[in-house]
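2 protein chains.
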Amino acid sequence: MLQSRLFAKTSKNFPKDEESINAKYLLRAGFIAKNSAGVFTFLPLGLRVLNKISQIVREEMNALGAEELLMPALIAKSYWEASGRWNVPVVYKIKTDREEYGLGWTHEEVIKIIADQFILSDRDLPQAVYQIQNKFRMEPRARSGLLRGREFLMKDLYSFHKDEGGLGAFYESAKSAYLKIYQRLEMPVVVAEASGGDFTKDFTHEFQALVESGEDTIFHCSKCDYAQNKEVAKVKAGDTCPKNCGGEVKESRAIEVGNIFRLGQRFSSWFMGSYGIGISRIMGTIVEMSHDDRGIIWPEAVAPFRVHLLALGLDKSETVKENAAKLYETLKAKNIEVLFDDRLVPAGEKLFDADLLGIPTRLIVSEKTGIKIELKQRREKDSQLLDVAEVLQCLNS
Amino acid sequence: MLQSRLFAKTSKNFPKDEESINAKYLLRAGFIAKNSAGVFTFLPLGLRVLNKISQIVREEMNALGAEELLMPALIAKSYWEASGRWNVPVVYKIKTDREEYGLGWTHEEVIKIIADQFILSDRDLPQAVYQIQNKFRMEPRARSGLLRGREFLMKDLYSFHKDEGGLGAFYESAKSAYLKIYQRLEMPVVVAEASGGDFTKDFTHEFQALVESGEDTIFHCSKCDYAQNKEVAKVKAGDTCPKNCGGEVKESRAIEVGNIFRLGQRFSSWFMGSYGIGISRIMGTIVEMSHDDRGIIWPEAVAPFRVHLLALGLDKSETVKENAAKLYETLKAKNIEVLFDDRLVPAGEKLFDADLLGIPTRLIVSEKTGIKIELKQRREKDSQLLDVAEVLQCLNS
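Taken in sequence, the protein lines are chains A and B.
Residue numbering for the first sequence follows the working numbering, starting at 1 and increasing by one per position.
Residue numbering for the second sequence follows the working numbering, starting at 1 and increasing by one per position.
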């Protein structure tokens, strides 16, 4: 992709009315645009990141044996009334002369009615279906960029079982699939016990990414996997781990990037489980976790491009122009996703924007590099001067 | 995919309260589920079709040089007020204590505001961006299955140009891209002139699929490409073609599966174009156009699977079981998308469901076929008895 052709551009300044790191960087770098409080457009670079996160989640859901479907956002009032959730405060309501709808913020009600049509006996069980779909939540204080929006992208998985044992076993498989997803996203998480709300007396599990800017507080062991959300924890920071592992309880701020619920028979006569992952929230969380004072540092798995190729002094040197264009074609021919900064702007602006955009590998072609190429990882300080073969080798390893 | 594991199943009967062919077949075959009037879930098989249509559209939009982005459905009242479209009757409105939103049924208002941020001078033009996103329309009479829904999937493309000439040239390229899309979908369309509404005094163009069940009426020449929507036509059936080609004007019913508008400066100081394709409507239109009295006949490009493998008499014959399982593995290894009917149900039920589902190529393994395989195209009457190598050759050609 030629950077000169990109629809969205970086901004000279940070947005004025945003406090969160993810909103500041994503808006300034041109990954998202703000339409109103808690409502964003994913610009082309941002959509590439969002799609990569979705695809990782999709692959792990498919590996779990779940089938993808797509439910609507318009959910008739009768669905919510059947479950007693019409008056949950987060529902955006629409009233016309003929109908009333609540916009979907979750889909237990809808999938239950659909499953009724197809699950006729125990022989039709177990089943698991998921969707990656826009959700709507009336948040009184939409804030923190992609972390708490009014419209956001979710993956929601629902499973159906004939008994508690079947649900329990699938619940553990789903937990493993979730851990694999966060691992692929290079996002360390803690699995914290949390309250089941009105769904279940059992604990549910939250996948918490430890980030200083997180809204949640968790208590977790320094040594073992013990972790609880503040809401349910009976320990405090400095206590010895209740699992007697010899570790000490620490208190940390965290962002909830997933949750899994054993719903049991709350919605149906079968045993149901419900499993959520906030796709757009994960995008925001990655920025909160992985940045420096110059910009974003995307993990390779979700970066909008693998390589950012900068041609410096394009307008002054025919050689630079030719070498850069040739390298661009070589990378494309090798199926390496590359953003080529072919803009006629000062070198300083290109270097500044490259750090802001946060693409993992930066390649520079300039008068100074001559027939060589300067390669630098966004995460690292030092650069190397390599020839084309060495660059390709480096990108393949 | 094993058919025995599918979440959704075919129904014994047609739905009672549906009149349109597409709703009847898609519901009965388990491609979609109805949630309320004009609101549907895309079940796993249906989502596969929808995604294939989306991908064809996406590829042709990318080839046109347009970039994909994703705008929100929640659009603040101020956007609609700026364009004077807040009180358009199709807008679903949401009012909370703090905000008012109209759900997006089109996105000229939103993309205009975003483009303002990035298009600072003529040097930033031309630009073209598109999205594939759920739209919402308050249809008083939601009907005809996927043809006229309240929530539906659209591709909307917007282009920006410095002058009328630039817009005109891109408009023609978009028209060609559209024709390529319908060609890939195996959907013959007529390009009909239509009214520009309050946007433009020029004609706009509609892509009309000629189907008896269509809502629109068009007049078109039997010989040349002359075609007009009834709303603007000054001819009647039987007239000689106004283009003097010697052809005769015919009157046909049709479904509008795309439209392109030269908006000019209606929304901005640049020259804008707006180009829509109803993705879910196309799915319904394909069923209206391509079916027989036994079920759907999917064109290969959008079929949920390329091959439907039926094992008949599975429970009675170990050989059938082994041969079918082996063929299933062979097809998967060759990356041929295959649905394997491994259910323990009578042969008649499998054959009936295969016709209903409409997958292009049916393969039968049974006691009768022995080590051979019966291959039948859904479109054709006759079948052939082939060995595995011949089947693979047939699928590759």
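Because the hints were derived from the structure by calculation, they are not lab data.
Check each hint, because a few of them may be wrong.
Copies of the same chain look alike in the list, so a pair counts if it works inside one copy or between any two.
To be verified - Dumping the calculated DSBU-like pairs for lysine-lysine here, alpha-carbon to alpha-carbon at most 30 Å:
#	residue 1	residue 2
1	Lys34	Lys162
2	Lys372	Lys9
3	Lys180	Lys52
4	Lys95	Lys236
5	Lys243	Lys334
6	Lys321	Lys162
7	Lys34	Lys250
8	Lys234	Lys381
9	Lys9	Lys321
10	Lys77	Lys9
11	Lys376	Lys162
12	Lys230	Lys376
13	Lys175	Lys316
14	Lys12	Lys175
15	Lys368	Lys381
16	Lys95	Lys24
17	Lys316	Lys250
18	Lys24	Lys316
19	Lys77	Lys332
20	Lys95	Lys372
21	Lys95	Lys234
22	Lys77	Lys24
23	Lys16	Lys95
24	Lys93	Lys34
25	Lys34	Lys381
Is it within, between, both, or neither for lysine 316 and lysine 250, if the alpha carbons may be no more than 30 Å apart? Classified as neither; 57 Å inside a copy, 63 Å across copies.
At most 30 Å between CA atoms: does that hold for lysine 95 and lysine 234 within a copy, between copies, both, or neither? So lysine 95 and lysine 234 fail the 30 Å test inside a copy (45 Å) and across (41 Å) alike.
Checking lysine 234 and lysine 381: alpha-carbon separation at most 30 Å within a copy, between copies, both or neither? Answer is neither; intra-copy 44 Å and inter-copy 72 Å both fail.
Alpha-carbon proximity context of lysine 95 and lysine 24, limit 30 Å: Close across copies (29 Å), not inside one copy (36 Å); limit 30 Å.
Should lysine 77 paired with lysine 9 be assigned to within, between, both, or neither, using CA atoms and 30 Å as the limit? between (42 Å within a copy, 27 Å between copies)
For lysine 175 and lysine 316, with the copy left unspecified, which applies at a CA distance of at most 30 Å: within, between, both, or neither? So lysine 175 and lysine 316 fail the 30 Å test inside a copy (56 Å) and across (40 Å) alike.
How would you classify lysine 77 and lysine 332 at a CA-CA limit of 30 Å: within, between, both, or neither? neither (51 Å within a copy, 44 Å between copies)
If the cutoff is 30 Å on CA atoms, where do lysine 372 and lysine 9 land: within, between, both or neither? Let me know, please. Classified as within: same-chain Cα gap 29 Å, cross-chain 60 Å, threshold 30 Å.
Under a CA distance limit of 30 Å, which applies to lysine 230 and lysine 376: within one copy, between copies, both, or neither? neither (42 Å within a copy, 62 Å between copies)
Measure nothing new, just compare the shortest in-copy and cross-copy C-alpha distances for lysine 34 and lysine 250 to 30 Å and report within, between, both or neither. Answer is neither; intra-copy 36 Å and inter-copy 50 Å both fail.
Is it within, between, both, or neither for lysine 16 and lysine 95, if the alpha carbons may be no more than 30 Å apart? Between. Shortest inter-copy distance 27 Å satisfies the 30 Å Cα cut-off; intra-copy 36 Å does not.
As a check of your reading, is lysine 77 near lysine 24 (CA-CA no more than 30 Å) within one copy, between copies, both or neither? between (38 Å within a copy, 25 Å between copies)
When each numbered hint is compared with the structure, violations occur for hints 4, 5, 7, 8, 11, 12, 13, 14, 17, 18, 19, 20, 21 and 25.
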